[in-house]
Amino acid sequence: MGMASRSLKSLLVAAFSAFSLFFSVNTFASETPAGGEKHEETAFDPSKLIMEHIMDAHEYHFATIGEKHVSIPLPVILYSPERGWSLFNYSKFNHGHDVYEGYKTEEGHIIPVNAAGEHDTTVKVYDLSLTRNVVQMFIGVFLLCFLMIKVANKYKRNGAKVAPSGFQNAVEPVITFVRDEVGKPNLGHAYEKYMPYLLTVFFFILINNLLGLIPGTANVTGNIAFTIVLGFISFLVILFSTNKHFWGHIFNPPVPGFVKPILVPVEFFGIFTKPFALIVRLFANMVAGHIVITCFVMLIFIFGAMSKVAGWGFAPVSLAFTIFIYFIEILVAFIQAFIFTNLTAVFIGQSMEGAHHDEAHH
Amino acid sequence: MELLNPGLGLLVWTLLAFLIVFFLLKSLAWKPILSTLKERETGIADAIASADKVKAEMAALKNENEVMMAKAREERAVMIKEAKETADKMVADAKEKAKAEFDRIVAEAQTAITQQKNAALTDVKNQVGSLVIEVAEKVLSRELSNKSEQENYIKQLAEGVKLN
Numbered sequence: 002m003g004m005a006s007r008s009l010k011s012l013l014v015a016a017f018s019a020f021s022l023f024f025s026v027n028t029f030a031s032e033t034p035a036g037g038e039k040h041e042e043t044a045f046d047p048s049k050l051i052m053e054h055i056m057d058a059h060e061y062h063f064a065t066i067g068e069k070h071v072s073i074p075l076p077v078i079l080y081s082p083e084r085g086w087s088l089f090n091y092s093k094f095n096h097g098h099d100v101y102e103g104y105k106t107e108e109g110h111i112i113p114v115n116a117a118g119e120h121d122t123t124v125k126v127y128d129l130s131l132t133r134n135v136v137q138m139f140i141g142v143f144l145l146c147f148l149m150i151k152v153a154n155k156y157k158r159n160g161a162k163v164a165p166s167g168f169q170n171a172v173e174p175v176i177t178f179v180r181d182e183v184g185k186p187n188l189g190h191a192y193e194k195y196m197p198y199l200l201t202v203f204f205f206i207l208i209n210n211l212l213g214l215i216p217g218t219a220n221v222t223g224n225i226a227f228t229i230v231l232g233f234i235s236f237l238v239i240l241f242s243t244n245k246h247f248w249g250h251i252f253n254p255p256v257p258g259f260v261k262p263i264l265v266p267v268e269f270f271g272i273f274t275k276p277f278a279l280i281v282r283l284f285a286n287m288v289a290g291h292i293v294i295t296c297f298v299m300l301i302f303i304f305g306a307m308s309k310v311a312g313w314g315f316a317p318v319s320l321a322f323t324i325f326i327y328f329i330e331i332l333v334a335f336i337q338a339f340i341f342t343n344l345t346a347v348f349i350g351q352s353m354e355g356a357h358h359d360e361a362h363h
Numbered sequence: 017m018e019l020l021n022p023g024l025g026l027l028v029w030t031l032l033a034f035l036i037v038f039f040l041l042k043s044l045a046w047k048p049i050l051s052t053l054k055e056r057e058t059g060i061a062d063a064i065a066s067a068d069k070v071k072a073e074m075a076a077l078k079n080e081n082e083v084m085m086a087k088a089r090e091e092r093a094v095m096i097k098e099a100k101e102t103a104d105k106m107v108a109d110a111k112e113k114a115k116a117e118f119d120r121i122v123a124e125a126q127t128a129i130t131q132q133k134n135a136a137l138t139d140v141k142n143q144v145g146s147l148v149i150e151v152a153e154k155v156l157s158r159e160l161s162n163k164s165e166q167e168n169y170i171k172q173l174a175e176g177v178k179l180n
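Chains as they are written, first to last, in my numbering: chain A, 2 to 363; chain B, 17 to 180.
Wrong hints could be hidden among the right ones.
What the hints assert, rightly or not - Think about it this way: if two alpha-carbon atoms lie no more than 20 Å apart in a straight line, the pair counts; the simulated EDC-like pairs of lysine to aspartate or glutamate are:
no. : chain 1 : residue 1 : chain 2 : residue 2
1   : A       : Lys194    : B       : Glu57
2   : B       : Lys47     : A       : Glu107
3   : A       : Lys155    : B       : Glu55
4   : B       : Lys54     : A       : Glu68
5   : A       : Lys157    : B       : Glu55
6   : A       : Lys49     : A       : Glu107
7   : A       : Lys155    : B       : Glu57
8   : B       : Lys113    : B       : Glu101
9   : A       : Lys157    : B       : Glu57
10  : B       : Lys54     : A       : Glu193
11  : B       : Lys47     : A       : Glu182
12  : B       : Lys54     : A       : Asp181
13  : B       : Lys42     : A       : Glu173
14  : A       : Lys185    : B       : Glu55
15  : A       : Lys105    : B       : Glu18
16  : A       : Lys162    : B       : Glu57
17  : A       : Lys49     : B       : Asp62
18  : A       : Lys194    : B       : Glu55
19  : B       : Lys47     : A       : Asp181
20  : A       : Lys185    : B       : Glu57
By construction, these hints were calculated from the structure, which means they are not laboratory data.
Given the sequences, and given the hints that come with them, work out the whole structure.
Below is the structure:
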């Protein structure tokens with residue numbers, strides 16, 4: 002029953018995304034002749050739409066019907082050394098038409114303007130707005146904390162003697178999986194110390210991956226800023242776990258003397274490539290999934306632009322592919338969370354592995 | 017490329033969000049969950065270990081019982097054998113003793129008989145002697161005139177002799 006309802010949900014999700022995209026595409030079609038302003042997207046521009054879909058924004062934009070935008074504007078928080086703090090709603094910009102408190106929005110970016118309405122390059126602005134990625138991330142954080150604390154309270158209440166029940170049953174195998182398949186094999190006896198970090202990373206990525214799959218929501222894990230922060234934290238954790246043996250291996254690798262000048266920079270560079278790989282892997286995987294799904298939906302409108310019949314004719318094919326990719330994306334959401342966690346554990350394990358372990362390898 | 021340009025706001029907020037989740041869940045979720053899981057797992061492991069131990073103990077006990085039973089059987093056999101031996105010995109001893117007593121009694125009786133016989137014989141001899149003397153006296157004292165009368169008298173006397 003669970004499988005059936007889930008597939009039904011996925012179908013609805015796909016249908017909804019197609020529906021919402023249909024309206025947003027319509028916007029550009031109808032806006033061009035009506036609006037007097039100069040827009041670059043005079044024709045249907047799928048790449049721009051895709052980018053709009055996967056990038057961060059200051060509003061949740063669902064649809065545009067005629068001139069009416071169906072969107073949830075989000076709070077804007079700006080700091081400028083020259084002007085101080087500014088806090089207002091994004092709706093004040095009136096969809097990019099108005100200037101507010103000396104700022105205006107251009108291509109989704111907030112830029113400072115001078116009295117004449119020109120871009121004021123002398124003012125430095127730090128945009129700390131609650132963008133849709135931020136808002137969604139905090140929804141995810143709230144959801145995650147709520148669910149996990151609820152589950153944890155159940156553990157506290159029932160103790161070790163009572164078999165898990167309800168959502169506890171769904172969470173427990175995942176936690177034991179992270180512990181037994183990620184923590185223990187990679188970290189050995191020290192695994193207990195790292196479990197809270199590994200579990201947090203896993204579930205933090207997972208919940209944001211899954212929330213990002215809901216149509217209309219933001220692509221949080223497919224944003225480079227998100228993955229940079231997680232990668233940076235991994236980098237710090239890896240660095241703080243290093244031991245003498247690790248650094249010895251980097252600056253004095255067990256190779257003949259003439260190879261050392263080549264290997265030492267490579268090994269040293271490796272310290273940075275590991276978290277970098279984590280950052281890029283998660284980002285690329287999630288962004289690619291979103292691009293593929295939106296591309297399949299776009300295909301309907303690309304064909305539709307050629308001929309209406311082709312558009313309608315291709316719609317079922319496109320929908321089928323979208324649903325297929327959607328299932329893959331659900332899988333990818335779990336896999337990428339696991340891979341990020343697992344590789345972090347592997348790197349931590351490498352950074353603290355002892356000399357005896359090393360000798361066993363060579 | 018715009019896609020690879022991280023937004024400052026998102027960087028800051030992600031860091032904040034992650035740290036909030038980490039510290040909140042570390043103390044409120046992961047610790048109780050992991051400790052309960054560990055407790056449960058060690059509990060199960062302990063239960064299995066103790067079950068194994070009890071099983072081993074049971075097996076040892078059974079073994080011990082069997083050994084004891086075998087020993088008891090052996091002891092019983094030995095005891096029966098010993099009892100039989102003792103009984104046989106007692107019977108043999110009793111028989112021997114009885115025989116010895118019997119022999120003694122018989123010997124004593126024989127001795128007594130012999131003594132009495134001898135005494136009786138002596139007595140008879142003495143009586144016969146005295147009778148002979150008596151008869152001889154009478155014969156001698158009667159100076160028989162008649163030879164036939166003499167012979168009758170002897171006959172009479174001889175008849176009067178009572179050999180008791």
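Do the hints match the structure? See the list:
| no. | hint | result |
| --- | --- | --- |
| 1 | A:Lys194 <-> B:Glu57 | 18 Å, holds |
| 2 | B:Lys47 <-> A:Glu107 | 47 Å, violated |
| 3 | A:Lys155 <-> B:Glu55 | 15 Å, holds |
| 4 | B:Lys54 <-> A:Glu68 | 59 Å, violated |
| 5 | A:Lys157 <-> B:Glu55 | 12 Å, holds |
| 6 | A:Lys49 <-> A:Glu107 | 14 Å, holds |
| 7 | A:Lys155 <-> B:Glu57 | 17 Å, holds |
| 8 | B:Lys113 <-> B:Glu101 | 18 Å, holds |
| 9 | A:Lys157 <-> B:Glu57 | 15 Å, holds |
| 10 | B:Lys54 <-> A:Glu193 | 11 Å, holds |
| 11 | B:Lys47 <-> A:Glu182 | 19 Å, holds |
| 12 | B:Lys54 <-> A:Asp181 | 12 Å, holds |
| 13 | B:Lys42 <-> A:Glu173 | 16 Å, holds |
| 14 | A:Lys185 <-> B:Glu55 | 17 Å, holds |
| 15 | A:Lys105 <-> B:Glu18 | 19 Å, holds |
| 16 | A:Lys162 <-> B:Glu57 | 10 Å, holds |
| 17 | A:Lys49 <-> B:Asp62 | 62 Å, violated |
| 18 | A:Lys194 <-> B:Glu55 | 17 Å, holds |
| 19 | B:Lys47 <-> A:Asp181 | 16 Å, holds |
| 20 | A:Lys185 <-> B:Glu57 | 15 Å, holds |
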